[in-house]
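J.: Keeping their order, the protein sequence lines are chains W and P. Residues 67 to 384 in this note's numbering are what the first sequence spells out, letter by letter. Residues 333 to 660 in this note's numbering are what the second sequence spells out, letter by letter.
Bear in mind the hints are in silico, worked out from the structure with no lab data behind them. Computed from a prediction, not measured in an experiment: that's the story for all the values here. Be aware that one or more of the hints could be misleading.
In silico lysine-lysine, DSS-like type, Cα no more than 25 Å apart, as pairs [stated by the list, open to error]:
1. W:K284 with P:K465
2. P:K410 with W:K284
3. W:K284 with P:K504
4. P:K481 with W:K284
5. P:K481 with P:K462
Chain P regions said to be covered by chain W (calculated; three or more residues, Cβ under 8 Å) [what the hints assert, rightly or not]:
6. 414-420
7. 428-439
8. 443-452
Yeah, the Cβ is synthetic: ideal placement off N, Cα and C, and Gly gets one too.
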Amino acid sequence: MSERSIGLLGERKKARLEELARASADKGGVSLVRDAARRLRRNPVAIVGAIIVGLFVLVAAFAPLIAPHDPVQRFDELTRNLTVDNIPGASSEFPLGSDPLGRDFLSRLIYGSRQTLFVGVLATLIGLAFGVVFGALAGAFGGWIDVILMRLTDVMLALPSLLLAITLVAMASKSSQWTVIFAVAIVNVPIFARLLRGSMLAQRESDHVLAARALGVKERNIVLRHMLPNSLTAVIVQATLTFAVAILDAAALSFLGLGDPDINRAEWGLMLGVDGQRYFEVRPELAYYPALAIIVVALGFTLLGEAMREAIDPKNRR
Amino acid sequence: MSLLDVRDLSVVFQRRGERPFTAVDKVSFTVEPGQTVGLVGESGCGKSVTSLAIMGLLPRRGNKVTGEVLFDGADLLKLRPDDMRDRRGRDIGMIFQDPLSSLNPVIPIGIQVAEVLERHRGMDHKAALKEAKELLDAVGIPDPMRRLKEYPHQISGGMRQRALIAIALACKPRLLIADEPTTALDVTIQAQILTLLKQLVDETGTALIMITHDLGVVAGLCDTVNVLYGGKVVERARRHELFGHARHPYTHGLLNSVPRLDSPRGERLHAIPGSVADNIPWAEGCAFAPRCPNVVDACLEGPPPLEPTATGGDLRCNNPVSEEVAVP
Ligand SMILES: Nc1ncnc2c1ncn2[C@@H]1O[C@H](COP(=O)(O)OP(=O)(O)O)[C@@H](O)[C@H]1O
Ligand code: SF4
Ligand SMILES: [Mg+2]
Chain W
67 MSERSIGLLG ERKKARLEEL ARASADKGGV SLVRDAARRL RRNPVAIVGA
117 IIVGLFVLVA AFAPLIAPHD PVQRFDELTR NLTVDNIPGA SSEFPLGSDP
167 LGRDFLSRLI YGSRQTLFVG VLATLIGLAF GVVFGALAGA FGGWIDVILM
217 RLTDVMLALP SLLLAITLVA MASKSSQWTV IFAVAIVNVP IFARLLRGSM
267 LAQRESDHVL AARALGVKER NIVLRHMLPN SLTAVIVQAT LTFAVAILDA
317 AALSFLGLGD PDINRAEWGL MLGVDGQRYF EVRPELAYYP ALAIIVVALG
367 FTLLGEAMRE AIDPKNRR
Chain P
333 MSLLDVRDLS VVFQRRGERP FTAVDKVSFT VEPGQTVGLV GESGCGKSVT
383 SLAIMGLLPR RGNKVTGEVL FDGADLLKLR PDDMRDRRGR DIGMIFQDPL
433 SSLNPVIPIG IQVAEVLERH RGMDHKAALK EAKELLDAVG IPDPMRRLKE
483 YPHQISGGMR QRALIAIALA CKPRLLIADE PTTALDVTIQ AQILTLLKQL
533 VDETGTALIM ITHDLGVVAG LCDTVNVLYG GKVVERARRH ELFGHARHPY
583 THGLLNSVPR LDSPRGERLH AIPGSVADNI PWAEGCAFAP RCPNVVDACL
633 EGPPPLEPTA TGGDLRCNNP VSEEVAVP
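Chain W with its partners taken away, still in its complex shape:
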């Protein structure tokens, strides 16, 4: 039942329904995470996001089974008629037609999901790991550690993230997918650090930390048992949102020709930037499909992340 229809039932019934919900929540030993998951399952936005993310991960995982062809093989049937003005379109054998080098476009799109997942996951995790360490240090110790770390993040956040990533990639001696991953990760470090620090400082002022102090809990445990775990959920949700930004940034770097120069690697940003742009007049699909894939996946992660943020909000807990 949706929020709105509950609202129409009037306050008394609403209270009754909430009572029921509470009672049913009381039944089993539902854990905190499962409780948030329960709210997520009721949220259509979360469901749409989860479906997109789920499909994306499945496609990436089973790309060799799903893809009709080898993504790097150049097919004679396709190269035979291939010119700069004529890129063969859809046929029964090649459902989305050819790419500019006579390879199966659909298979390359499917394999591209792997690259996106790989770059997105690694860039997010690396950014998360460093961000959590710095944020936790700043939040736990305060003082000069906090001042230095936060000034550093200020500087990084003052620059547009993509510009910073471009600068970082340009600074690297040679470009590979790892330079892209690290550049995108580093750009996200200050976001995680700030979020965790802010969340920990808020926790420091919270009632349960005061109550813990009133029980003589040691400072170390205040940080490790109270401030940190209660702040991590926010960071995990942010990671979902960051994933979307990470794949957009990574695609943008490839699009600008700053990514991995390997022409065999199927990668959405590269497909969009090189093939899509160059042959847009001839075969606009070469641009449309990778662009669509990037947007849909980024959207999926954003929807899921936003819904998660709502679900873990303690204000929605009971």
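Following the hints, position chain P with the ligands against chain W.
T.: Relative to chain W, chain P with the ligands alone:
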């Protein structure tokens, strides 16, 4: 010797660029072993700040605490922070107003009870969990075995406050400070929690400081009641004296605004006119003067002193309610 002897406790908040604000102004009171003492007054009169100052839990910066807080004769305000921390939860327990936000949301109830036992009584985890189950049972939580594993948001408000009481009393402290322990609860639950508190402090011989804005709460509970106004004690009396013959006009006003079971239905309560916002600084007179029905000229000439009464209490008033007037 009193268990707790608070002498001239003052707390002045001072933020940079702001005028200092005296939240607690030379408050003195004592708590005898096993006794229940009330701290009563409207919101903002300094009850919570008093309790936090006793516990040494005020923010490290931005305030100045003076006076003495003698626990067993030793001044808690002079203890090293580490020593004070060892005493919190062991010698003095505390429960707060909002049971949900006072519990750690990510740790099951049972573990939270067990952690106190591990911290102060040196128990290992298994023994502590077993004891935790017994403690939950003792505070009237049904099916304690299951509750051990449940998270704070999964149990009802009344249960949570029971769990907090179990945590606060886990180490059998000699003093428990309860800061508005029932304010956030449903009316029906309030009475249960008060009964439980009374039963537990009676059984264990724990002394209790009961902080509330509601005189109705202290009616059946406290041996002595301290009425606070604007950070100062304005009246102190034994419970029966207070309810029978309150002398301070403010206490009188509070008593008249307590809902009474025997009052005819629909009868309006006589709330005290105005609010604490109308206070004048104590330095200029009686802070209550702008709201006081008994105000006389002397009330605006300087702070009235706290003086002993014939019945063994204390009173800070130039023109108290006459002793003969009983509360309606
Ligand atoms: N950390 C603080 N900084 C500044 N003023 C405070 C702080 N804590 C409490 N106060 C002020 O002290 C006064 C007493 O507050 P408190 O003891 O919480 O009242 P109550 O009797 O309702 O518990 C209030 O006016 C409040 O605004
Ligand atoms: S001192 Fe004066 S103003 Fe204050 S309570 Fe007594 S009579 Fe009222
Ligand atoms: Mg208070």
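J.: Evaluate each hint against the coordinates.
T.: Hint check results:
1. W:K284 with P:K465: Holds. K284 (chain W) to K465 (chain P) sits at ~24 Å (cutoff 25 Å).
2. P:K410 with W:K284: Holds: K410 (chain P) and K284 (chain W) sit about 19 Å apart, inside 25 Å.
3. W:K284 with P:K504: Holds, because 19 Å separates the two Cα atoms, which is no more than 25 Å.
4. P:K481 with W:K284: 23 Å, holds
5. P:K481 with P:K462: At roughly 12 Å apart (the allowed maximum being 25 Å), K462 (chain P) and K481 (chain P) satisfy the hint.
6. 414-420: Coverage by chain W holds here, the residue count being 4 at a Cβ distance below 8 Å.
7. 428-439: With 9 residues closer than 8 Å to chain W, the segment 428-439 of chain P meets the three-residue bar; holds.
8. 443-452: It holds, with 4 qualifying residues against the three required.
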